[in-house]
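Student: For the record, the sequence lines run as chains X and S. Take numbering that gives the first Met the number 0: the last position of the first sequence gets the number 308, and nothing is skipped along the way. Take numbering that gives the first Met the number 0: the last position of the second sequence gets the number 504, and nothing is skipped along the way.
The reader is advised that the hints may include incorrect statements.
[As the list claims (entries may be wrong)] Within a straight-line C-alpha distance of at most 20 Å, the following computed DMTMM-like cross-link-like pairs (lysine to aspartate or glutamate) qualify:
#1 K375(S) / E246(X)
#2 K307(X) / E246(S)
#3 K275(X) / D501(S)
#4 K243(X) / E226(S)
#5 K2(S) / D30(S)
#6 K225(S) / E246(S)
Note that these hints are calculated values from the structure, not bench results.
One-letter residues, chain by chain:
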Amino acid sequence: MERRNFLKSALLGGIAGAVQLKPGNIFASESKEAQGETDLVAVMGGDPVTMYKRGIASMGGISRFVKKGNKVVVKPNIGWDKKPEFAANTNPELVAAIVKDCLSAGATEVVVFDHTCDEWQACYNNSGIEAAAKAAGARVAFAHDEKYFKEVSLPKGLRLKSAKIHESIIDCDVWINVPVLKNHGGAKMTISMKNFMGIVWDRRYWHANDLQQCIADCSTYSKMPVLNIVDAYRVMTQNGPKGKTTEDVVTAKALFMSTDIVAVDTAALRFFNQFKEMRIEDVSHIQKAEKAKIGTTNLDTIKVERIKI
Amino acid sequence: MYKWFKRGRVLVSLAVAILITLAFLFFSNRDNFFFSSFLKVQFVPALLGVFTGSVIILASLFILVLLFGRIYCSTLCPLGTLQDTIWRVASLFWSKRSRRFKFSTPKKILRYSILAISAIPLLFGSSFVISLLDPYSNYGKISSEIISRSEQFLHNILSSVFPDSIFFRTYSQFIAISFFFALGFLILVVIMSAFRGRLYCNTICPVGTTLGFISKFAAFRPVINKESCNKCQLCISNCKSECIDLEKGEIDVSRCVACFNCMTVCKREAVSYKFMWGKRDVDNVFPAKGRREALVTMGLLGSFIAVRAISRKNPSAPLNTSDGIAPPGALSIANLKSNCTACQACVSACPNGIIKPATGEYGINGLLMPVLSFEKHFCGYDCNVCSQVCPNGALIPLTLEEKKLTQIGQVRFYEDKCIVVTDNTACGACDEHCPTKAITMIPYGDKGLTIPIVDRDICIGCGGCEYVCPATEKAMLIEPTSVHMVAKKPIVEKQEKVVVDDFGF
């Protein structure tokens, strides 16, 4: 090599190193080769279990979140006395797959529960979640009475200063939030943050005291889920959150997971927007949560991975 | 032989009483109608339910009584079994002397007047009086208010011992008047039976009186053989109906409950259960008179049913105002008030625990009859349990499809009380709970808020919105429909299937 060429390349290399230019950063914001852990994974086109497996693998596996000996809570949406095809509740197969995965990672106990809206035994039964979770090895906890909830203060909340939170969340080591993506008459959308309404006892207070702000406030809770997994295999696009018929449902075959609850809700909302128009400003709890520094709505600033099956 | 009759009688009576009690217990009445199906084999429910599928049961009960006398009272009646049990327990504490029954003269005027005041209102579309006196219905109230509450208490003790596997039982309504009525009735029955055996059955019970008339002409009747009898009084001292008159050597069959005690204890086989049809000449029996009374009773019962059939088609004076929402299947408040005996089968079976005994919602003649309360929960959309368990036809059985269109009430929206208006913040709790989408959300203001709008024609009055409304003064209230109507079917909104093959971000 000639001395001039050497100097030239050394100089250019030095500049490149100084400004930290990497090929990935120049050409795309979604590099697979990028270092560090993935923040958000979006999967599309498979059945719930396959999508989960692909998704969790690219998040670094369940062992990134669940350590050996952990007591884990998996919190699906079991709000309604509806069968899985109505998409009012989280997909039972997905819940079962997560439970199994946690147990295989060495969790000592996996608890599944929800504070339901319809009569709780009917919800647990007809959603198929109780049976699926138990078969997968989870314990299904009761959440139909105030005695299962304990007062927790939320110092960063603006309207919701404290809430009675389910004891299994308080007692666990880590918890995984597994909502289903749905349209919602009042809150506009129900995704990950709105799923917190099932870990608290008094939801009526939220409705009476600025619902959107309370949803954001509850996500200031110090013990946040280590992972949010949004089930969008079947998506209720209208008449949510309970729905009337299967006409309200589209089979979207998607799944989103992230450690950032605001980001995953943003991603799921943008996906939903392709079926039914939905502006992020109207689902105002998402932006309120961003304001409270819970997470980001700017998906370009985090490491996103997209998988199509 | 009579020893075996008695044992069989005791066995059947205990089995029936247990099966009926289980229909009222949480532990056994979930997800099945096995136990509640036995409630239909009761006299007053079968009589009131004669137009709604109980004809065969009523006919069978008549045949049973016509053949064997008031054996109904000592096998099928749970209150009878309860009284026998109480006597059995109480007699352990009594001295030998006071343990002996004595003959008592029939209280005919009392019995007939009570029968009249409980039966006559039924002809005019009110089952109120019978609801306070019917043995089955009062046994139901005792089961629901006292036994089932004790069960709940036990259940909750167990739930604190095994918190992971046994859940805490919540929302049971406590209506003081209903509880104290059941308790008071139980105390009355305990006192009467502890001292005097079947005194309730032979003074107050309208069913006992009615069946007593028929049993005067029963095929099998207990008869004393005067030649073998040495008047040792053993039969009398064991007769809990106090109906054996040894002076005359007669047994008052209208009060005898065919318990077989006298036949079992008699050392000389002087009392026997005999086939009496066509035996005119036997001493001390007046078949002609008995037959006449039995025929008159059957005739009266026939006309009674006929009158009720006529008044059923023309409900007298439709009620326009009512504060109470009747459970689905009631058809109308008038129908409920003419057929319900407040046995609380529906109250204890409701999975959501929203049916409570009425205090004043239906007026005084609807006291303790089932009324819905949306204070602690609401009526499940995919549930028709109450209509299935009612033995009387006060709630007629509804299929799930029928139930989903049965309009027990209609919602009214008070916009000025709605959170969206008063606080200018999002809510939509009512819309969230509405199963038929009689409530939908439409844009409100320029903050991207939505406010409910109601379509009363498709509302079924389930009360989800009323229950969940967070406003201090509810913005959604269900107004009862005194005659239940058929709601319009919910509109199915087809949506065009958008093909999405991208993530959208």
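Student: Please go over all the hints and tell whether each is borne out by the structure.
Tutor: Against the structure, the hints come out as follows:
no., hint, result
1, K375(S) / E246(X), "31 Å, violated"
2, K307(X) / E246(S), "99 Å, violated"
3, K275(X) / D501(S), "14 Å, holds"
4, K243(X) / E226(S), "79 Å, violated"
5, K2(S) / D30(S), "39 Å, violated"
6, K225(S) / E246(S), "11 Å, holds"
When held up to the earlier numbered hints, the structure conflicts with 1, 2, 4 and 5 and fits the remainder.
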